[in-house]
Each structure stands twice: as C-alpha cells, then as structure tokens.
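> Chain order of the listed sequences is A and B.
Just so you know, the working numbering puts 1667 at position 209 of the first sequence, and the rest follows in order with no gaps.
Just so you know, the working numbering puts 1910 at position 452 of the second sequence, and the rest follows in order with no gaps.
Be aware that a few hints might be false.
Which copy is meant is left open, so a pair is good if it fits within one copy or across any two.
Simulated crosslink set (DSS-like; lysine-lysine; CA at most 25 Å straight-line) [said to hold, decoys possible]:
#1 K2008 x K1626
#2 K2008 x K1935
#3 K1948 x K1935
#4 K2008 x K1917
#5 K1600 x K1637
#6 K2010 x K1893
#7 K1492 x K1869
#8 K1991 x K1656
#9 K1659 x K1991
What the hints contain is simulated information worked out from the structure, not anything from laboratory work.
In this text, all values refer to a predicted model and were calculated from it rather than measured experimentally.
Protein chains: 2
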Amino acid sequence: DRLLFSKGHAAPLFYAMYAVAGAMPLAELQTLRKFGSRLEGHPTPEFPYTDAATGSLGQGLSIGGGMAYTIKNLRLKTKKTPRVYVLLGDGELAEGQVWEAANFASHYRLNNLIAIADINRLAQSQETMFGHHLEQYQHRFKAFGFETIVIDGHDFAEIKRALDTAQKVQGQPVAIIMKTFKGKGVSFLQNAEGWHGKALKKDELEQALQELGPVDETLRFNLKQPPQVTLGKARLSKNHLVFDFKKGDMVATREVYGKILAQLGNKDQTIYALDGDVKNSTFSQDFLKAHPNRFIECFIAEQNMVSVAAGLSRLSQKPFVSTFAAFLTRAADQIRMAALSQASIHFVGSHVGVSIGEDGASQMGLEDISLFGTIPQSIVLQPSDAVSAAYLLRAMIAHRGISYMRTLRPKTPVMYDEDEEFEIGGSKVLKSSKKDSLTIAATGITVQEALKAQEILSKEGISVRVIDCYSIKPVDKDGLLASLKATQKKIIVTVEDHFEHGGFGDFVLAAVSGSGAIVAKMAVDHISRSGTKDELLADARIDSAAIVQKVKNLLD
Amino acid sequence: DRLLFSKGHAAPLFYAMYAVAGAMPLAELQTLRKFGSRLEGHPTPEFPYTDAATGSLGQGLSIGGGMAYTIKNLRLKTKKTPRVYVLLGDGELAEGQVWEAANFASHYRLNNLIAIADINRLAQSQETMFGHHLEQYQHRFKAFGFETIVIDGHDFAEIKRALDTAQKVQGQPVAIIMKTFKGKGVSFLQNAEGWHGKALKKDELEQALQELGPVDETLRFNLKQPPQVTLGKARLSKNHLVFDFKKGDMVATREVYGKILAQLGNKDQTIYALDGDVKNSTFSQDFLKAHPNRFIECFIAEQNMVSVAAGLSRLSQKPFVSTFAAFLTRAADQIRMAALSQASIHFVGSHVGVSIGEDGASQMGLEDISLFGTIPQSIVLQPSDAVSAAYLLRAMIAHRGISYMRTLRPKTPVMYDEDEEFEIGGSKVLKSSKKDSLTIAATGITVQEALKAQEILSKEGISVRVIDCYSIKPVDKDGLLASLKATQKKIIVTVEDHFEHGGFGDFVLAAVSGSGAIVAKMAVDHISRSGTKDELLADARIDSAAIVQKVKNLLD
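The shape of chain A in the complex, shown without the other chains (with noise of 0.2 Å):
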C-alpha cells in the first residue's frame, strides 16, 4: 500500500507518523525544517517515504491515480492488489484538478484509490468555501463517481470502521469525507483562525501539551515491511527501428512519434503513453494500437494528465506524455512539480509555432523551450526531420527526470541518412565551406528555411554555414564555437519558431558568451494569427526572406 499526503503542509504528521513506527529515530523530528534535514517544510524524495513532492495543492490525487493505475495494469501476484491512500486538504478541494483526477479515478473505477479529505473547516487566510458542510464535498464527489463515507475525523473507531467499509467497496474509488477541528483539543487552537504555519511559542506550549495530557501509548506501533513486488525494471531500449520512410520524402515529425513509439514498446514493457484526447493530432494513437494495454486515454485534463504520469513514474514505469505544446503550458505547476518529485518524464508536444497555420494563436506552442527549459537537468530537443526524430525519441528514454520533445505539424522532408547518428547535446552542419561568412543556427522548421537562405545567399555570392542544432537544452556549446572559429566574421544567427525570450537563442547566447561573439536572435516578437504556414512564418519574420535580410545587414 502507499500513503500520499496531498495536503503537502501537514509534512509534520506525516514525519511524524513514520517516526513513531519505528521509522527514523524520534528524536529526528527535531531536524523538521531544518538545512540539510531530510524533513522539509513540505514532503520530498529526500524523505524515503515520500512518494510525491507535494506543497503544491491539489496533485496527489492525481499521482495517487497514476499509482492506483499502474497497479491495476500490472495485474501484480500478490494476495491483495495494494491500495493507494491519499490525504486531502478542504482547502485543496477548490482546485480544478482535484477533479479532473476524481473523472480519471471513476472513469477507470480505480477501486484500489481511497481519498481521505480532512474537512477542516479552515484554510489558510479564512475558512473555506464550504466550511464544515460536509455534504458539499459528499454530493461532489458522488456525482464525480466516488463511493462517499462520512465520519468523525477524530473518533479512532469510526475511522477503523470507514477503512475496512473502502477496503471492500467494487468498481469505484472511495472517497473518506472526514469532519476535523484544527487544534483539536487545545483550547485556545480548536477551530480557530490565524494559526496556519505558525509554530508554538514556548508557554503556549507548554499549555498546549498539559491540555492534550500524556501520549496514548496504544498508537505505537511497528512499520511492517510489506512483502516485496518487484516490478518490470527500467531496461535501456536498443531496438533497430524499422522506417516507412526514405530520403526526400514528406514526413511530420509528429507522425514519426507514435510509430516509433510503438516500436520501442516492442521492446520495453514499461513505456506507457498518454494523451489528453489528441491522439490523433499528436499520433499517440499508434501506440495505442501497438500496446492498448499501455495507452492510457486522459481526455482534456492535461494537469492530471502529467500528474498520473508522475505516479506512474513512481512505480518504475516510462510514460509518454503528449498533446498539443501550447497545452502542455496548462500544466506548467505540475511539471514543475514532477522535477520535484524525481519523477522521470518524457514530453512529447506537438503543433509548435506559427508554423502550424490556419488554426491561429491559441493552438500554436510558443513558450514551450521556456517553460521547459528552465526547469534544472531538464533536457529539450526539436528535430526537423524524420529520421533525427526517431532516434532522438530513442535517446530520450534513458534520460532521467524532465525530458521534452517539440514535433511539428507541417511534413518536412527526410534529410538524413537511416545510419545518422544523434546524441543529447549535439547538432548537424549541413552546410559549409571555407568562405563561410557566418553560422545560422536554425531548430525545427527553420532549418529548413535557413537551407533556403543558404541557397539564395550562395547564388548572390555569400556563403553561409548551416547548423541543425536539434538538441537546444543541452544545447552543442563545442559545435558552436567551433563554426565561430571556422567563419569570417564571429556571427551566429539563431532562427527558432518560438517566442524571443527563454527560447533556443538563449541557451545560444548563454552558451557562447565569453567568446566575444554576436549572436543576433531571429524569433517570434508578437502573437500571431491564422493563416498559412509560409505566410505567417513571413509574417513572424522567421522564413528564408527574412533570414536572407538579416544575413544583409548584419555583413553590410
């Protein structure tokens, strides 16, 4: 069984929950909060029992869900299927993704996630919405499909009674509607505001702790190491991958996605691939037809989406994450919180740019490199064909922690051979000569754009070296400086489909500083709007017109 406590700032039961079974020493608890403690302020993986960072409300349902998930899919021989509880805050209740992962949980009838909600009455600044009208959170989560139990939150019996009720209850999660008081039992705490994360004073103390009276010793008790399950371990895929395409041909490298996908589930068990009802669009659905078994449908709710990831994360698993880039910024907080969590995630956003055309702004992924890119170890790649694609998302699997692919939605041609190699942190020159004037450094869709510059600047007697940087966090620092030694003049253009800050053009600047070079940033400058590809990459002043202008001026 697992315990989540998604209510991250009650991290000092949680701790101290452990120590009094035996867990850690008693004595440890007075490290809690302390630099280099393994009890911070709010639950981490430093902390061997925590399954999830949390600290930000309203997650652990979600990664509770991906863990219930799992275990159901695993079909595990053990004489029980575990079972994931998860504690909940009222407060937290306002967040959307508490019910987003309440549908998942129902949907999937993940009988094996028990929620417990404290019902406290009291959130941080003021009571809640619902204060202590529990049936508002009973009829919720009945509507939302749970099986609902509703108790005295401080009465032992009753709790004992609502646990073995959940632990039988049938295709459907359960949700413990507890009614709680804050301070329970210390006169001057009980129920009252203005006592959230504020710690004792000395005297107040002392009151509090004659109030409560001596500690019930029956409460002690031994953790029991439940019996050990291992799981299908985390194997390094290096399966041949078998193309439908050639040289030349027209190929998205979103398509490429979901057959590739399909093919490395072949081999590794543990890749799983979820989509927030794209599937169609991001080509997840080829996995899906491959390995129904390992799809997991999330419907439009990309929070829980990369929540349950997390969970799945947890248990040993390599999920595929996808939807459209620009609604992977819809879980921007949960993201941030799988790389607190140590989860390992591989992001796979498609439709990035301006480039994907008529559907206009609101679908096209535009901070994406930013959000991701500054997450600490995360890595970022963007290949703009097919072939680099398919043997980047290889590359992918075994980076751990945050990984992020950015696919395209218009075909580009296949430029590179099947034997090409490509690593983390590398780039293609795909055009050079001992006149090069400068470097353009394109990602994505305009490499393809700087080739046609190239061409155009070559028939008017300028040469210009070209580079794939397809790896833009860790962006190839060494193959840059080297093209800086190799040209005239120490220019490098950077051209990305993207918005100009925090996107490819930084790492570039960040990577080169020191190097006395100039590094002039070609990027999107304003919100863009419907239309074609080739006229809003015009329109964005990223296209080969404009790389060819801006080649001019900076050589004039």
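Chain A is already provided as a structure; the job is to place chain B on it using the hints.
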C-alpha cells in the same frame, strides 16, 4: 448581455450567427481562417464581438464568471442586470478549471451567469467520458450549486423555454445541458466519429446542403444595439503615496504591495484585488480591509482566478492578481490566453526564490521571470526595497497587457529616498567609482548580497559597480551599456534568485549582445530545499560570498 464561446473551435458558428444577424456581410464568412481576416480559426479580439480569445478549452466559464461578478458588483442602473451566456463543449467539461469556475459562480451567487453545455458525445479523437449520459453532467453541475435544465438542443421551443426559465432563477447560476448531435441532419456526418476539424469535400458539401434543405429564413434576425452603459473610466493614478516606513527600516516588498495598492484604490475605483487564499502572505489583505467590495477571494483555484481577472479587464476594471509566484505557474495557460485576449492584468507573485527559507522548494518561485518574460509585450519588475516597490506598483497600473511584479518574503532595508524616481525600463547605480573593474547587476534579494560583496571586495582593493535592475523586462539596456563603458573590463555579473534559463541574466545577455561584453550569469542551478534564507542563498551560490568568488575568478 454577453456571449462567450468557451468551445472556441465552434468559431464558424460564432461568426455565422453574427453574419446572419447583420453584424457583417455574409460574404466575409468566406475569409474564414485566411491570413489577414478577422475571422480566425478560434475567436480572438480581432473580431469585435469576441469578449475573450478561446481555443484553449475550459476557460470560458471563468471569464464569464469574472464578467458576471463585475456586472453585479457595479450595480448598474439598467432596467435589468445584464447576463453572461457561456457556450461550453462536453469535451472541455473534463478540464478542472470548469469546476473551479462552477464553485466560484455558485459561491458568489451569480444568477446572471448562464452556462450552456453542448453535449454532442464526440470529442476530437473519440467519445467523451460520458457520451450522451446527460445525467452525469447534470449531477456534477447540481453538486456544484447550479440550477440545471436538461433539454434537446435541436428543439427551438425547448431552447426558448430553457432560456426563459434560466433568466428567472435567483441566487444561483444556471446550466442548460443540451443533448445534441454533431452534424445533425446530414446522414454521413450525424453522430459519426472522424469528422472533428475536417472540412467537407465539394461533393460531400453538395450532398450535405441537399440533405439539409433550404435555409430557414425565419431564423434571420437583426442584431439590436443594446443600451450603452459607461463603465468607470480607466484613470491614471497620480496619488501622492504615503509611506509608513523610512530609509533604513526593514520592510518586505510583499508588505508594501497591500498597503500601497489600498492607497491607489482610494483614487481609482476600477482597481480590484484577487487572491487565492494567501492574502495574509501576499498582503493583499490590506486592500481587502480598505476596499472590501473590490476584493475577490478566489480560494485555492489559481486558474479560475486568472481567467476571472481577464473577465474583469474586459469590462474596463483593473485587476491585480496575487499569490505565491510559484502558484502562478498553475495558471500559465490562462496567462498565455489572457495575453491573446488583450486583457490587462497586473500580477504580483510573492515568495520568490530560495530566499523564502524553510518552506522548501515547492513554495519557491524560480520559474516566474521565464513564464512572464516570454509573453510578448509583457513587463517584469522586481523591486528590492519598499520605496521602489511602491513607485513601481503605481507605474504598473498604466501598463496595457500583462505586467508582473515579484515581491520578496524576507524584509530588506529601505534604501531609497522618498522622492527617488523609478520607471519601467530603468535601473539604479548603487555603487560606482572611477576605477570599477566590472559591474554586478542584481535584482531583488540579490541587491543586498551584491552590496555586501562590493564592501568585501572594496576592502581588498577591488572596486566594482553595483546596479539595482528593478526592471527586468524591459531591462535597462542603455544603463547596462553605460556601465560597460565605465568599467575597466567589459564584464557584467548578473545575480538572481531564479533558475538559470529564462531569467534576468538572459535579458541582460540579449541586451548587450553584440557589444563584445562578457555576461557571467549567477543563478539557481539546482532544486533547493528547506533551510534559512542565508543557508539557501549560499547553497544556491548567489550570496555575497559566491559573488566575491566569482568576481575574483573573472578578474584573475
């Protein structure tokens, strides 16, 4: 009355209705999705009847909630209270934000908000979770405090009756839940999968038009110009600000936020403050005390809070949205979409960086400069003392679009005189001499660290220049270039309490690119933990000791 299409992909219907009502020539419909047309793939404010850009799903009910709240709060002297109608798709009801919005609407008894849920069974890639089980939606809306009306969405008489009934409901919002069929009336489209977002071929179109028969001319109507209501005019505040602190006092910039906003709110009746149950941490509680009727408690539901603010902005109010900076990432998609809606929202994120101390990594805002900085035409400010915080807050009000201020948890000394001037895009040189070796550009909490470092270095005979870059975007390019000119080495050390990528340092890099300067970025490069402010600044290597070391290495 107002009408929002939360299901933005129904844009063709949205435009067609206005065309049929005579709001534009029918022929303009032929420009749909073409470059330059105001009829984009999803509605944007380019089309004047669009109240909010939609296309990222699940946001419309929140925006409508913000508008309905504003309308009720303004107590307009109209015969009837204007109503806000929001058309929702069934697929998007899986988004948690819809249920945040539902809680908001019922808590504030917004009976002038009418949700119309179009239950057509089919989402983009497959059937929705609940298909045509309308009772599933009815139970959910009822549980969340809505009056519900279930109808056949193809029966005009039923629709009319439902709208009439909805308009009479008191004390709670209303959801009209309609059973509909996609492609109704066309044999090969009706209720069929695989047609989402697909245009018909010529022969298919001909068949469809034939099956549908002649246009029912009785459905044409003329858009009636409603009586015009003039809302409170946006007025630039020229308040004389009253400070209850003086030079040398220790004051946290977050404390200044609430006090000064309350003062600004005295003169400008269009200022609202919104908070997500952390008003006693962000200090928006001071605005609540002064202007209770213009404070909106949004509880722990940040996505809804941001979209509610977009609704307020649409009705010419000036929303200030505050929570922990870390939790603004929860609403990254809503912030992105607010920019597309041309909304003006002022964000204030408290508890930035590792300097918050013991609460740990989950509560630290370390991605917020990246998040807000990426949005085109946004501004990002970070005052390091109380005086600059006050003046910059006042300066923010005039900004149209997305503006953001980072505020600090720890107290910092008041550095500036009361009559010092601060402008967006400016900076202050705090220490300088004729023989400065290089420049340290700091922002927020690191300003004090830079000053300490300057003192230590000075004692060792090394002169450095220190700048307070309180304006991060736009960064003071001229000021930075002037400092580069004035120092012996062309080096700027940037120090910030933010992750490495997408932060302040990248703005500086971009600003001085091409000048040949070296920019040495000091930023947080790993996930932090619990500890004291000073321990964590040292651990992140952005404290005075780290700065001293960095400067020495650079000068070596």
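> Which of the numbered hints above does this structure break?
Those not satisfied come down to hint 1.
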